[in-house]
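Engineer: Single-letter residue listing:
Number of protein chains: 2
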Amino acid sequence: MKRIDGGACAAQGFRASGIHCGIRKNKSKRDLALIVSDVRAAAAAVYTLNLVQGAPIAVTRKNIADGYARAMICNSGNANTCNLNGVEIAEKMCALVGEHLGIPASDVIVASTGVIGQPLDIAPIASGMEALAAGLEPDTTAAAEAIMTTDVRMKAVAVEFEVGGVVAKLGGIAKGSGMIHPNMATMLVFLTTDAAITPPMLRKALSMDVKRSFNRVSVDGDTSTNDMCAILANGLAGNPEIASDGADFDAFREALNAVTVELCKMIARDGEGATKLIECALTGAADQQTADVVSKAVICSSLVKAAMFGADANWGRVLCAVGYAGADVDVSKVDVSFTSAAGTVEVCKGGAGVPFSEALAKKVLSEENIFIHVNLNAGPCSSVAWGCDLTYDYVKINGDYRT
Amino acid sequence: MKRIDGGACAAQGFRASGIHCGIRKNKSKRDLALIVSDVRAAAAAVYTLNLVQGAPIAVTRKNIADGYARAMICNSGNANTCNLNGVEIAEKMCALVGEHLGIPASDVIVASTGVIGQPLDIAPIASGMEALAAGLEPDTTAAAEAIMTTDVRMKAVAVEFEVGGVVAKLGGIAKGSGMIHPNMATMLVFLTTDAAITPPMLRKALSMDVKRSFNRVSVDGDTSTNDMCAILANGLAGNPEIASDGADFDAFREALNAVTVELCKMIARDGEGATKLIECALTGAADQQTADVVSKAVICSSLVKAAMFGADANWGRVLCAVGYAGADVDVSKVDVSFTSAAGTVEVCKGGAGVPFSEALAKKVLSEENIFIHVNLNAGPCSSVAWGCDLTYDYVKINGDYRT
Chain A
50 MKRIDGGACA AQGFRASGIH CGIRKNKSKR DLALIVSDVR AAAAAVYTLN LVQGAPIAVT
110 RKNIADGYAR AMICNSGNAN TCNLNGVEIA EKMCALVGEH LGIPASDVIV ASTGVIGQPL
170 DIAPIASGME ALAAGLEPDT TAAAEAIMTT DVRMKAVAVE FEVGGVVAKL GGIAKGSGMI
230 HPNMATMLVF LTTDAAITPP MLRKALSMDV KRSFNRVSVD GDTSTNDMCA ILANGLAGNP
290 EIASDGADFD AFREALNAVT VELCKMIARD GEGATKLIEC ALTGAADQQT ADVVSKAVIC
350 SSLVKAAMFG ADANWGRVLC AVGYAGADVD VSKVDVSFTS AAGTVEVCKG GAGVPFSEAL
410 AKKVLSEENI FIHVNLNAGP CSSVAWGCDL TYDYVKINGD YRT
Chain B
50 MKRIDGGACA AQGFRASGIH CGIRKNKSKR DLALIVSDVR AAAAAVYTLN LVQGAPIAVT
110 RKNIADGYAR AMICNSGNAN TCNLNGVEIA EKMCALVGEH LGIPASDVIV ASTGVIGQPL
170 DIAPIASGME ALAAGLEPDT TAAAEAIMTT DVRMKAVAVE FEVGGVVAKL GGIAKGSGMI
230 HPNMATMLVF LTTDAAITPP MLRKALSMDV KRSFNRVSVD GDTSTNDMCA ILANGLAGNP
290 EIASDGADFD AFREALNAVT VELCKMIARD GEGATKLIEC ALTGAADQQT ADVVSKAVIC
350 SSLVKAAMFG ADANWGRVLC AVGYAGADVD VSKVDVSFTS AAGTVEVCKG GAGVPFSEAL
410 AKKVLSEENI FIHVNLNAGP CSSVAWGCDL TYDYVKINGD YRT
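As you go down the protein sequences, you meet chains A and B in turn. Per the working numbering: the first sequence = residues 50 to 452. Per the working numbering: the second sequence = residues 50 to 452.
Careful, some of the hints might be misleading.
Since the list gives no way to pick out one identical chain from another, each pair is judged satisfied if it fits inside one copy or across any two copies.
DMTMM-like cross-link-like pairs, simulated, lysine to aspartate or glutamate; straight-line CA separation at most 20 Å [stated by the list, open to error]: (1) 260 to 294; (2) 314 to 303; (3) 111 to 140; (4) 253 to 299; (5) 382 to 449; (6) 51 to 311; (7) 74 to 407; (8) 445 to 416; (9) 411 to 449; (10) 76 to 294; (11) 412 to 449; (12) 141 to 179; (13) 445 to 87; (14) 141 to 384; (15) 74 to 395; (16) 382 to 336; (17) 111 to 148; (18) 260 to 384.
Hint data in this document are derived by calculation from the structure and do not stem from the laboratory.
Pulled out of the complex, with its shape left as it was, chain A reads as follows (with noise of 0.2 Å):
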């Protein structure tokens, strides 16, 4: 397996396009995107777990429910969500796709990013809709400059592996930055694959992966109400259909979770006003719950996130998520240090202090990847969860997000 350019787009037979067609006032950002499969797709996709979910899930859950789809429609600026039209402009969006390409309405994966509440116009995606489908392209950047809301930094990302004999490609592109605490789904990604494997063993991969992937984000334990990770396969690289577990299945699901980790960390690393990426490696848990539930504790703690902006080793806070966690932890045994491209610099033995040189802790933690290591010395688990630190421009641009 490699790392590979295109995104999106990498995989054979798929096509971008992103324009602005006016649902966002700033002409300079665009606000539509579009990813379309030459041929029909295997498609699966999992969504929030938020009680209030937005239009387009409901829409996309009943299109994608025979397992097949050919496009995925995304706008920015507006979520679409808790809109007493909501489903009707959705399931619009889809038609208009379906009428410019010629492909039925239920073949359309819908999504929709931004602020909840304000009734979302369909008249600007019906006039962009031509220019849409016109620009589509085998290049991934202007939909992913698309699906951007508050993200500073585009997220793309592709890998090429081997399975069944042939290479094929699995990439994707993922918007991020507030709200995130994904729950059994996650922020907006789309993921796209050549590869050849049936919608059950899809959806089969796609749920195994996000509880390791994107459900071990959080940038600021906010929940969506639109999450959604959604994937197509159009088996163009011509591998047997992967219709089983076995050897090509993991292949499959090795490619895809390259790729997930990959947008996971992009994800943290821009979420909203950060300066840094914070990943907790969480080892010698007894068994898997705690190290999930406990790596993620940390990474989510409003004093921990400050303490890593500010470049402070004050790890008195990460041993008191890990207390607070809801996991059985004997806190006596607890160690923890701090790395980055600086160094390694050990603060806490056995859930107790030790003497460490502050000059080097400042230095190790100004960096702008930050390794929180926390040992509960008590079995063989481990896990990851990724964050970000908690700034001034988080609150910023969360002070008056609609203006």
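Given the coordinates of chain A, work out where chain B should sit on it, guided by the hints.
Structural biologist: Same frame as chain A, now just chain B:
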């Protein structure tokens, strides 16, 4: 019942003192507090459920196992937590109080607050003890100041109430500010009363109360390692000792709740960096658990908190928090409004937005005390939770707390 002055010294037979002994470098900040009852008092306390617990908690638990105590000592500037000699130091603190007051060391409640994981030096406490004991007087101020860390405002409340045919008093002091998200216990709160009540009934009253008071507060979602709420009841009011349920116990609980709820609001309003008190009044819940969980989710949401800071009526974030709270809610029935001294603005009816004046909303949300009213329209249960806004200063304070 009526509000009176005096805090932890309002009740008969209680004196307090607070000095700077040298735990903190800043000589103008008191760092050691003592509250003493002239006679032995029934004692009860509740503690953090964090698995990492400060050494003072272990010592206090042991000292009040018999249901009685005479004094409460508390230092700020160092949490005496995650230190190898923590219990030894906490016991020395009790022994010093015992020596200077001529009472058993086992009649002392001990607490510490401040940085985790830095050994606490007994020397400044030992050398300050004489001045601390000499300073005891029926004035709550110096003690209330001495327990403050990043608190900006002193927190003291007291009430006078009738019980068993006599007038009794109940009051207390608190420290809050950061790492505030109590779980079955609380930040540091020291309560005193001259009502006569048995230790079992005092414990019962306190544990019933914290569920409806301190456990409904959150500043930053981080449950501290040192949370403690302790109460001494010395019986000097002369009421027939409360030894069972009934009218007297109810009168006592009502007085207790009047004091604790007021302290809750003070703690939330004085959350680290806070400019506003946010109260989420949740009504129309089908059951109490739902009312509790949902109201707390709303005041814990980073996005809601940042919106309140920016006086932005971004009610979609309120609905989002309702949706991910983990309760069984029909989101299509939910109404939301914002209220303050400047008026009320309805923003959501039946799960969808309603037109409202942005100018009025800005005015309402620019006040210092904001009510977010969420009506689930599904039943008779209600709850209140107290929080604060998320501001630049929270990040500033916590980006570099240790230095």
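Engineer: Would you pick out the hints that fail for this structure and give their numbers low to high?
Structural biologist: 5, 10, 13, 14, 15 and 18
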